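Colleague: Guided by the hints, dock chain B onto chain A, whose structure is given.
Each chain, letter by letter, is given below.
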Amino acid sequence: MSIKYGLLALLERGQAYGYQLRASFEESTGSTWPLNIGQVYTTLSRLERDGLVQALGENPQGQRPYEITMAGRAALATWFATPVGDTERPRDELAIKLALALSTPGVDITTVVQTQRTASVRALQEYTRLKNRATGGDDISWLLIIDAMIFRVEAEVRWLDHCEASLLRHQRTRQETSTAETEVPDQAPEAVPTSTGETTPR
Amino acid sequence: MTVLELRDVHRTHGAGEAMVHALRGVSIAVQPGELVAVMGPSGSGKSTLLNLAGGLDGPTGGEVFVEGTAISQLSRRSLAALRRRAIGYVFQDLNLLPSLTAIENVALPLELDGMSVRKARAVAAKALDDVAISELALRFPDEMSGGQQQRVAIARAVVGERRLVLADEPTGALDSQTGESVLRLLRARCDAGAAGVLVTHDARHAGWADRVIFLRDGLVVDASGPLPEAEGLLEAAS
Chain A
1 MSIKYGLLAL LERGQAYGYQ LRASFEESTG STWPLNIGQV YTTLSRLERD
51 GLVQALGENP QGQRPYEITM AGRAALATWF ATPVGDTERP RDELAIKLAL
101 ALSTPGVDIT TVVQTQRTAS VRALQEYTRL KNRATGGDDI SWLLIIDAMI
151 FRVEAEVRWL DHCEASLLRH QRTRQETSTA ETEVPDQAPE AVPTSTGETT
201 PR
Chain B
1 MTVLELRDVH RTHGAGEAMV HALRGVSIAV QPGELVAVMG PSGSGKSTLL
51 NLAGGLDGPT GGEVFVEGTA ISQLSRRSLA ALRRRAIGYV FQDLNLLPSL
101 TAIENVALPL ELDGMSVRKA RAVAAKALDD VAISELALRF PDEMSGGQQQ
151 RVAIARAVVG ERRLVLADEP TGALDSQTGE SVLRLLRARC DAGAAGVLVT
201 HDARHAGWAD RVIFLRDGLV VDASGPLPEA EGLLEAAS
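For the protein sequence lines, the chains are A and B, in the order given.
Numbering of the first sequence is given in full-length UniProt numbering, commencing with residue 1 and proceeding in unit increments.
Numbering of the second sequence is given in full-length UniProt numbering, commencing with residue 1 and proceeding in unit increments.
This is chain A alone, in the form it adopts within the complex (with noise of 0.2 Å):
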């Protein structure tokens, strides 16, 4: 998601101005997701550009409200009815990381796993934290945040419990093949050297 539909969102509350929108979104986002006040003027004068929303004149305390146009609630709309598709959303770094450890030499891709569950949990630990200090009263649109960060890094988890999975059996596949080959050299019976059973299978 953008900035430019969350701005959308609350000025279709009313206008506001750009102090207003910040407090407001951070509120709505439960402070997950902090903005600095030059993001919500530089998205301002982009939506502006594109005529989604329009600068009303100064108030006497010298603040410069905008509004919301016809356009920008139709784009508002749009962005509603419209489910989040994967490739809107940033490249999956820890991925491409754990495929590049795979074959990268002298790295370990069972510690970057292990690395990466223990930073997971712990992050976890935390929501989980703020959820249960949040009581029945609290605003519902926060705990929905929290949850959906919870999900979240739970289903990361489970990702890397399954990568781990994998490349344990795919090393037991490559060792029980390695071993095979051992055992069933290419020559005939009885030139198999008497020492073939020693082998200790792991």
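Keep in mind the hints are simulated off the structure, nothing from the lab.
The model shown is predicted, which means the values in this text are computed figures rather than measured ones.
There's no promise every hint is true.
To be verified - Partial list, derived from the structure: chain B residues whose beta carbon lies under 10 Å from chain A: (1) Pro41; (2) Arg184; (3) His201; (4) Asp202.
Unchecked claim - Ranges of calculated distance between the beta carbons of each label pair, as one might list FRET restraints: (5) Gly43(B) to Ala148(A): 28 to 34 Å; (6) Arg24(B) to Ala99(A): 29 to 35 Å; (7) Ala148(A) to Thr69(B): 44 to 50 Å; (8) Arg129(A) to Leu100(B): 35 to 41 Å; (9) Arg172(A) to Asp142(B): 42 to 48 Å; (10) Leu168(A) to Arg7(B): 27 to 33 Å; (11) Gly193(B) to Phe151(A): 27 to 33 Å.
Said to hold, decoys possible - So these bits of chain B aren't anywhere near chain A, every CB distance computed over 12 Å: (12) Ile71; (13) Ser145; (14) Gly147.
Note that the Cβ used here is the ideal one computed from N, Cα and C, for glycine as well.
Modeller: Quick look at chain B alone, frame taken from chain A:
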């Protein structure tokens, strides 16, 4: 005082070529008020660790201490008394006695320990109240939902002065919300001073713990350290 300590604990099953090393030198300590989660793949030794911690099984090497007492030094009678008085268990298959009501199930360990029936029922009623099901006290297990039965099992595990609560996949097949309420109870019990060990394969459940220990092939391969401050983490996630 450390409630539970495993000191270089080993556990093997079988002998000769069939010997399986379930635990190979595990050391952990759990303090009052602390909930420790144990994670790891199937066969990593999680349940073995919990059975040893609860005195349901003995190590083949090393020592298990509960409140400073070496379990191996106890007679069978003393060990049974320790299990009844100090240790509560919550298992996936709840082990509630079907012919007893909720309050009778919770009072049973106290009565076995010599407490009068009247007093045991009063203490059990308080434990059921703590898990918010006092109105179900007279129901039999088959008259309750899975979540309600699990609450009874937790009440039984923490009733009286139990200082150590051991839970093996306690949310079992419960749905997400009910499972979470069970973990909240466990967390609350530890916040109130008990020491807890939670065996789970589910990272979301381990999130309720203060520390998470990862087991692999009978060894501790990693453990989560002190937690960062919430605000810092949220900034990093944004």
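Colleague: Each hint should be assessed against the structure and marked as holding or not.
Modeller: Going down the list of hints, with the structure as the test:
The criterion of a C-beta within 10 Å of any C-beta in chain A is met by Pro41(B), whose closest approach is roughly 7 Å, and the hint holds. At about 7 Å, the closest approach between the beta carbon of Arg184(B) and any beta carbon in chain A falls short of 10 Å, and the interface hint on this residue holds. At its closest, the beta carbon of His201(B) sits 8 Å from a beta carbon of chain A; the interface hint therefore holds under the 10 Å criterion. Because the closest C-beta pair between Asp202(B) and chain A is about 7 Å apart, less than 10 Å, the hint holds.
In this structure, Gly43(B) and Ala148(A) meet the distance hint of 28 to 34 Å, their C-beta atoms being roughly 33 Å apart. The supplied range of 29 to 35 Å is met by Arg24(B) and Ala99(A), whose beta-carbon atoms lie about 32 Å from each other. Roughly 46 Å separates the CB atoms of Ala148(A) and Thr69(B), a value that falls within the hinted 44 to 50 Å. Between Arg129(A) and Leu100(B) the beta carbons are some 37 Å apart, a value that agrees with the proposed interval 35 to 41 Å.
Taken as a hint, the range 42 to 48 Å holds for the pair Arg172(A) and Asp142(B), whose Cβ atoms sit roughly 45 Å apart. At about 30 Å, the beta-carbon gap between Leu168(A) and Arg7(B) stays in the expected band of 27 to 33 Å. For the hinted restraint 27 to 33 Å between Gly193(B) and Phe151(A), the CB-CB distance of approximately 31 Å keeps it satisfied. Once the 12 Å rule is applied to beta carbons, Ile71(B) is consistent with being away from chain A; the minimum gap is 29 Å.
For Ser145(B), the shortest C-beta to C-beta distance to chain A comes to about 21 Å, beyond the 12 Å cut-off, and the non-interface label holds. Remark: the non-interface label on Gly147(B) is consistent with the geometry, its nearest Cβ contact in chain A lying 18 Å away (cut-off 12 Å).
When each numbered hint is compared with the structure, no violation occurs for any of them.
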